[in-house]
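Listed below, chain by chain, are the residues.
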Amino acid sequence: MKTKRIVKKHPLAIRWFHWVNFPVLTIMIWSGVLIYWANDVYRLGWGDKTILKFFPDSFNKALHIPFKLAEGMAFHFVFMWAFLLNGFFYVLYTVISGEWRYLMPDKNSFGEAWQVILHDLHIKKYTPPQLKYNAAQRIAYTSIIIMGFGSIITGIAIYKPIQFGWLCAICGGYEAARIEHFILMIGYVFFFVVHIIQVILAGWNNFRGMVAGFDVEEVEKRNSTNEPV
Amino acid sequence: MSKKEFKKELATEKQIRRRTAISFLIFFLLLAAGYAGWRWLYTQPDSDGVQKPLRYGLQKDEEIFGSIFSKKTIAKNYPKEKAAKSVRVNGNIGMSNDFDYKNWRLKVLKKNGDTLRISLDEIRALPKTEVIFDFKCIEGWSQVSHWGGVRFSDFVKKYGLDKEAGMNYVGMQTPDKQYYVGIDMESMMQSQTILCYEMNSNFLPLNQGFPLRLIIPVKYGIKNIKRIGTLYFSNPKPPDYWAERGYDYYSGL
Chain A
189 MKTKRIVKKH PLAIRWFHWV NFPVLTIMIW SGVLIYWAND VYRLGWGDKT
239 ILKFFPDSFN KALHIPFKLA EGMAFHFVFM WAFLLNGFFY VLYTVISGEW
289 RYLMPDKNSF GEAWQVILHD LHIKKYTPPQ LKYNAAQRIA YTSIIIMGFG
339 SIITGIAIYK PIQFGWLCAI CGGYEAARIE HFILMIGYVF FFVVHIIQVI
389 LAGWNNFRGM VAGFDVEEVE KRNSTNEPV
Chain B
7 MSKKEFKKEL ATEKQIRRRT AISFLIFFLL LAAGYAGWRW LYTQPDSDGV
57 QKPLRYGLQK DEEIFGSIFS KKTIAKNYPK EKAAKSVRVN GNIGMSNDFD
107 YKNWRLKVLK KNGDTLRISL DEIRALPKTE VIFDFKCIEG WSQVSHWGGV
157 RFSDFVKKYG LDKEAGMNYV GMQTPDKQYY VGIDMESMMQ SQTILCYEMN
207 SNFLPLNQGF PLRLIIPVKY GIKNIKRIGT LYFSNPKPPD YWAERGYDYY
257 SGL
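Taken in order, these protein sequences are the chains called A and B.
Sequence positions in the first sequence follow the numbering used here and run 189 to 417.
Sequence positions in the second sequence follow the numbering used here and run 7 to 259.
Next comes chain A alone, as it looks inside the complex (with noise of 0.2 Å):
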């Protein structure tokens, strides 16, 4: 006999800070893409040879991105504020709270996060205990704060690249402080793309924890002797 019982997952904070996120990152995305292309001089490849241009005209035609430098930097310059107070009230929040030992990876969860993605790309059946996120998540959590705070670092070194010479300086010059800047956005694409299809997978509980805030769980009724959190 099974019954179900309602534990809390997510606090409203990482909520907020989670959804605030989410636009606000996507408006520094776009308005960066409307700056880089009025030097889009990056792309894969060596020699002549190209694979993959940043980005191809097809993909700045679609999105409407040409000849917007002024119009991205206005964004750009105003949505960063933004982005660094969530983000800087988000890291504040769970070191007061105590929410960074869910997310930080401890010392088992480099090992165990290739367990994870065994068992998420269905080669291996086993899946490690984990608390409210496995050793996959809590890395690529705390990678992600990590990202947020390179992007302020090589943001601020190409923004005032004399007043803040010496940052420039750490990021290895401009031109360097550029590059490093783009890839990390390049990072946040990548980390959204297996962030949907992740949340996807879970399923709708999960997706409810982080709007809802609550999980529910079945338990056994006899034996459950846990009481909700």
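Don't read these hints as lab results, they were simulated from the structure.
There may be inaccurate statements among the hints.
Short, incomplete list of chain A residues facing chain B, as computed with Cβ under 10 Å [to be verified]:
| hint | residue |
| --- | --- |
| 1 | Tyr224 |
| 2 | Ala258 |
| 3 | Ala262 |
| 4 | Phe267 |
| 5 | Pro349 |
Here are the simulated lysine to any residue pairs, SDA-like style, with alpha carbons at most 25 Å apart [to be verified]:
| hint | chain 1 | residue 1 | chain 2 | residue 2 |
| --- | --- | --- | --- | --- |
| 6 | A | Lys192 | B | Ser8 |
| 7 | B | Lys78 | A | Phe352 |
| 8 | A | Lys256 | B | Asn98 |
| 9 | A | Lys197 | B | Leu37 |
| 10 | B | Lys134 | B | Met195 |
| 11 | B | Lys88 | A | Phe352 |
| 12 | B | Lys169 | B | Ser197 |
| 13 | A | Lys197 | B | Leu36 |
| 14 | A | Lys256 | B | Leu36 |
| 15 | B | Lys78 | A | Gly360 |
| 16 | B | Lys14 | A | Glu408 |
| 17 | B | Lys66 | A | Val208 |
| 18 | A | Lys241 | B | Gln149 |
| 19 | B | Lys20 | A | Val195 |
| 20 | A | Lys256 | B | Lys20 |
| 21 | A | Lys320 | A | Val208 |
| 22 | A | Lys197 | B | Ser29 |
| 23 | B | Lys66 | A | Phe277 |
| 24 | B | Lys91 | A | Asn227 |
| 25 | A | Lys192 | A | Glu406 |
| 26 | A | Lys295 | A | Met335 |
| 27 | B | Lys243 | A | Gln351 |
| 28 | A | Lys190 | B | Glu19 |
Example chain B residues on the side facing chain A (calculated, C-beta under 10 Å, incomplete) [claimed, not checked]:
| hint | residue |
| --- | --- |
| 29 | Leu36 |
| 30 | Ile74 |
| 31 | Arg251 |
| 32 | Asp254 |
Small disclaimer: the values here were computed from a predicted structure and weren't measured.
C-beta atoms are modelled at their ideal positions from N, C-alpha and C, and glycine is treated no differently.
Go by the hints and put chain B onto chain A.
Frame of chain A; chain B shown alone:
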């Protein structure tokens, strides 16, 4: 299942439904509000080519980064060998073909209404400062280049413009008035800001602003006006070509 247990089960089910419904209602309301906010922002009336709230934001950025600007912080200097031999040319607004360079004089409008008319030879007679720095275009490219001219602060001293230098901004325009910039006094008085007449130790080419241009490393290229015709001082912001077309007025680096 006892009646009591059944009721408890039902209560849990009801609670799940209720909490889900309320949360998603709030979620969708916020989503709609977010979208409405975005539409509102995107369709706001223009202020010099950019939505008013964004222009306000750019002005705030200017206040923040203007307040931490330090004249002592200088752009990195490079050795001469690093300077590009072929210097990139970008933009020809204000460079009309009918320019009469033989009769060119730099016009400086003084506070008392006088106008100074200064020839290239007179400017070249002033102490020369060379700047080799990474020139940065607002488009996102940069290039190390080598320039020579007179420090603006030296020029101010030499021509007794100290009173004028107490004002907030310097305005400059091309002889045909087609291109014009406004720059805050602090940035103008920085030691690498020069009224420039040399590139790679030769006269400026015509397309680089012969006879005189501005080189100001602490600003994007758009502020480095070529072929200066008139220079003046002002407390309100002087008009600025690209700032009228959606760009940040400050454009400081």
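Verification of the hints:
1. Against a cut-off of 10 Å between C-beta atoms, the interface hint on Tyr224/A holds, since the closest Cβ of chain B lies about 7 Å away.
2. For the restraint placing Ala258/A at the interface with chain B, the shortest Cβ-Cβ distance is roughly 3 Å, inside the 10 Å limit, so the hint holds.
3. This hint holds: Ala262/A has a C-beta 4 Å from the nearest C-beta of chain B, less than the 10 Å allowed.
4. Contact between Phe267/A and chain B, as hinted, is supported at the beta carbon level, the nearest pair being about 9 Å apart and thus within 10 Å.
5. Hint status for Pro349/A relative to chain B: holds, with the closest Cβ pair at about 5 Å, below 10 Å.
6. In summary, the hint linking Lys192/A to Ser8/B is supported, as the alpha carbons are separated by about 16 Å, within the 25 Å threshold.
7. Our distance criterion of 25 Å between C-alpha atoms is met by Lys78/B and Phe352/A, whose separation comes to about 12 Å.
8. Distance restraint check for Lys256/A and Asn98/B: the Cα-Cα separation of roughly 20 Å lies within the 25 Å cut-off, and the hinted pair is therefore satisfied.
9. A hinted pair counts as satisfied when its Cα atoms are at most 25 Å apart, and Lys197/A with Leu37/B qualifies at roughly 22 Å.
10. About 15 Å separates the Cα atoms of Lys134/B and Met195/B, which keeps this hinted pair within 25 Å; it holds.
11. Restraint check for Lys88/B and Phe352/A: satisfied, since their Cα atoms lie roughly 22 Å apart, inside the 25 Å limit.
12. At most 25 Å may separate the alpha-carbon atoms for a hinted pair to count; Lys169/B and Ser197/B meet this at roughly 19 Å.
13. Proximity of Lys197/A to Leu36/B is assessed by CA-CA distance (about 21 Å); at most 25 Å being required, the pair is judged to hold.
14. Restraint check for Lys256/A and Leu36/B: not satisfied, since their Cα atoms lie roughly 29 Å apart, outside the 25 Å limit.
15. For the given pair, Lys78/B sits about 22 Å from Gly360/A by alpha-carbon distance, which is consistent with the 25 Å threshold.
16. Taken as a hint, the Lys14/B and Glu408/A pair is honoured in the structure, with Cα atoms around 15 Å apart against an allowance of 25 Å.
17. Between the alpha carbons of Lys66/B and Val208/A the distance comes to roughly 22 Å, so the proposed pair stays at or under 25 Å and holds.
18. A C-alpha spacing of about 22 Å is found between Lys241/A and Gln149/B, which places the hinted pair at or below 25 Å, so the restraint holds.
19. Among the hinted pairs, Lys20/B with Val195/A is consistent with the structure: their alpha-carbon atoms are about 15 Å apart, no more than 25 Å.
20. Distance check on the hinted pair: Lys256/A and Lys20/B sit about 51 Å apart at the alpha-carbon level, beyond 25 Å; violated.
21. A C-alpha spacing of about 21 Å is found between Lys320/A and Val208/A, which places the hinted pair at or below 25 Å, so the restraint holds.
22. Between the alpha carbons of Lys197/A and Ser29/B the distance comes to roughly 14 Å, so the proposed pair stays at or under 25 Å and holds.
23. For the suggested pair Lys66/B and Phe277/A, the alpha carbons sit about 21 Å apart, so the restraint of at most 25 Å is met.
24. Taken as a hint, the Lys91/B and Asn227/A pair is honoured in the structure, with Cα atoms around 21 Å apart against an allowance of 25 Å.
25. Between Lys192/A and Glu406/A the CA atoms are separated by roughly 5 Å; this keeps the pair inside 25 Å, and the hint holds.
26. A distance of roughly 21 Å separates the Cα atoms of Lys295/A and Met335/A; the hinted pair therefore holds under the 25 Å criterion.
27. A distance of roughly 22 Å separates the Cα atoms of Lys243/B and Gln351/A; the hinted pair therefore holds under the 25 Å criterion.
28. Between Lys190/A and Glu19/B the alpha-carbon distance is near 13 Å, which keeps this suggested pair within the 25 Å criterion.
29. Annotation: interface hint on Leu36/B holds; nearest CB of chain A at approximately 7 Å, less than 10 Å.
30. Contact between Ile74/B and chain A, as hinted, is supported at the beta carbon level, the nearest pair being about 6 Å apart and thus within 10 Å.
31. The beta carbon of Arg251/B comes within 6 Å of a beta carbon in chain A, closer than 10 Å, and the hint placing it at the interface holds.
32. Of the supplied interface hints, the one on Asp254/B holds, with its beta-carbon coming within about 6 Å of a beta-carbon of chain A, less than 10 Å.
Hint check: violations occur at hints 14 and 20; the rest are consistent with the structure.
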